[in-house]
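Those protein sequence lines, which keep their order, are chains A and B. Going by our numbering, the first sequence opens with residue 1, and the numbers climb by one from there. Going by our numbering, the second sequence opens with residue 1001, and the numbers climb by one from there.
To be clear, the hints were calculated from the coordinates, so they are not data collected in a lab. As the structure is a computational prediction, the values presented were derived from the model and not from experiment. Be aware that a few hints might be false.
Said to hold, decoys possible - Far from chain B, by Cβ distances over 12 Å, these chain A residues were calculated: (1) 10; (2) 49; (3) 55; (4) 64; (5) 79; (6) 82; (7) 91; (8) 168; (9) 171; (10) 181; (11) 238.
As the list claims (entries may be wrong) - Taking lysine-lysine pairs in the BS3-like style, the calculated list, with each CA pair at most 30 Å apart, reads: (12) 130/A / 78/A; (13) 1021/B / 112/A; (14) 171/A / 157/A; (15) 52/A / 213/A; (16) 112/A / 155/A; (17) 45/A / 1100/B; (18) 78/A / 1010/B; (19) 52/A / 26/A; (20) 1024/B / 78/A; (21) 157/A / 1021/B; (22) 1030/B / 1010/B; (23) 1021/B / 1010/B; (24) 1003/B / 253/A; (25) 1024/B / 52/A; (26) 52/A / 1003/B; (27) 1010/B / 45/A.
The C-beta atom is built at its ideal place from N, Cα and C for all residues, glycine as well.
Here are the chains, one letter per residue:
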Amino acid sequence: MIEVIGLNKSFGDNQVLFDIDTVFEKGKVNLIIGQSGQGKSVLAKCIVGLHKPESGQVLFDGRNFLELSRAERTDVRKEIGMLFQGSALFDSMTVEENVMFPLTMFTKMSKKEMLERANFCLERVNLTGKNNLYPAECSGGMQKRIAIARAIAMKPKYLFCDEPNSGLDPKTALVIDNLIREITYEYEITTVVITHDMNSVIEIGDNVIFIYKGQNWWQGNRDSIITTDNAEIGDFVYASEFMKEIRANMVDKRK
Amino acid sequence: MIKLIANIGKYFQMLWIVFSKPEKWRIFRKRLFEEIQLIGINSIPLVALMSTFMGGVIALQTASNMDNPLLPEYTIGYITRSSTILEFSPTIISLILAGKVGSNVASEIGTMRTTEQIDALEIMGVNSLTFLVLPKIMAAVLFFPILIIFSMGLSLVGGWLSLTMADLSSTETYVFGIRSFFFVSNIVYALGKTVVFAFLIVSIASFYGYYTKGGALDVGKSSTQAVVSSSVAILAANFLITQMFLL
């Protein structure tokens, strides 16, 4: 479980996050949604320590990440897997080397054990036999799956995904969503997904946080987001007439 | 001016983190050899070409300016050797390497920054500066002196080729000139300078690459800034070292 308490972040005079309080639950897919420029990615980067907030606390199972020593923070980071928007795979390494990278850095596993673990992770994301390809030789969807395989190689307790579906076709996006959900449930991970994709919200949103003007504006789940009468959520989620129609149908069905 | 001072402060802060203990020595060793290949061995053809022609031109220029019959012919070899060892090989070749290696290092690290690969390393718990920059600095510091010794040798060969082909001096006289008034301390001085230049080239290029913000355009800007700044740093360091050791 990750708890965020009273988090504030500014860039110069521009305050981006205002007093954010929220809880990301263990074994659930927690989504952070919101329009562009509202502070979603900044919030995620503050949580994982890539940005330093002005005030507030981030508790990883009770450990206040912002007050830990460098060595303790490194230990927490070894428990975090992250899937970046652009996959962030290492260009100079093959698929297999990318997945094995955290294992080579932080474990004392033998080459054979690392290879077995890498093959297991690649099999888990349906990429068996792609070991020797380079990231540049893989499609966008494959790169995301390789990044997931790398993220789960160290058996993380926390998984962060920054817009995992950006640039993917709807079918591939669904594959990635399902994969994130399966991994979260299977390994009891605290997963945090930043997304704009409403399909993801409906498919995997166990816990949804809506960030608006740098604040935690609304929190619920995939069911309550359909029925909420919050105007800002309505503007964001049901921006088009088509989506409004879908929402009306879904509400009718539930009645 | 304030920005320059802030950047210098940030540069030294970066160096403080770079020289932390690597996570795993085995990985560091592997990365060091990879960087020696990329930074050092891959530069051999360029250094060889530049040095041979440079030596040839120095010898021809010296010979063409030796009108006075009181000057012995072996002076051509002596001047070629002195200019090559003291300045041309360590300084000019380092300036050329600042262009090749500096832009390569800055654009590689800059691209890793803009594509979030450095963030990925940090989130995994890897000290990205030590992991990326330390092997590059060590590779340059260890291999640049070898490149410069190679360059010195080839410059002298280039000088010999140009003189004998133009029939301006005999092999015996040229070799006698090269061996005249030779001090080993000059080689030590030249290699010492090279180590400083190697450090400056790679650390400055890494600095600009690591702190790149934005996209492809900014990677290009960082690369250019890295080459310009490291060239200026080499010239300034050369002046200071020459003042300290030769005067």
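No chain B beta carbon within 12 Å of residue 64/A's: Holds: least Cβ distance 17 Å, greater than 12 Å.
Holds or violated: residue 78/A to residue 1010/B, with C-alpha atoms at most 30 Å apart: holds (27 Å)
Assertion that residue 168/A lies farther than 12 Å from chain B (Cβ): Per Cβ check, residue 168/A is outside 12 Å of chain B; nearest 17 Å; holds.
Residue 91/A remote from chain B - nearest C-beta pair above 12 Å: violated (8 Å)
Pair hint outcome, residue 157/A versus residue 1021/B [Cα-Cα no greater than 30 Å]: Within the cut-off at roughly 27 Å; holds.
Pair hint outcome, residue 1024/B versus residue 52/A [Cα-Cα no greater than 30 Å]: Holds - the C-alpha atoms of residue 52/A and residue 1024/B are around 27 Å apart, at most 30 Å.
Interface-negative label, residue 55/A against chain B, beta-carbon threshold 12 Å: Non-interface label stands for residue 55/A: nearest chain B Cβ at 22 Å, farther than 12 Å.
Given as non-interface: residue 181/A, partner chain B, CB spacing beyond 12 Å: About 22 Å separates residue 181/A from the closest Cβ of chain B, which puts it past 12 Å; holds.
Beyond 12 Å from every chain B Cβ - status for residue 49/A: violated (8 Å)
Residue 52/A paired with residue 26/A [C-alpha distance capped at 30 Å]: holds (24 Å)
Closest CB of chain B to the CB of residue 82/A still more than 12 Å away: violated (5 Å)
Distance restraint between residue 52/A and residue 1003/B, which requires alpha-carbon spacing of 30 Å or less: Distance of about 22 Å is within 30 Å: holds.
The structure fails hints 2, 5, 6, 7, 17, 24 (numbered hints given earlier, in ascending order).
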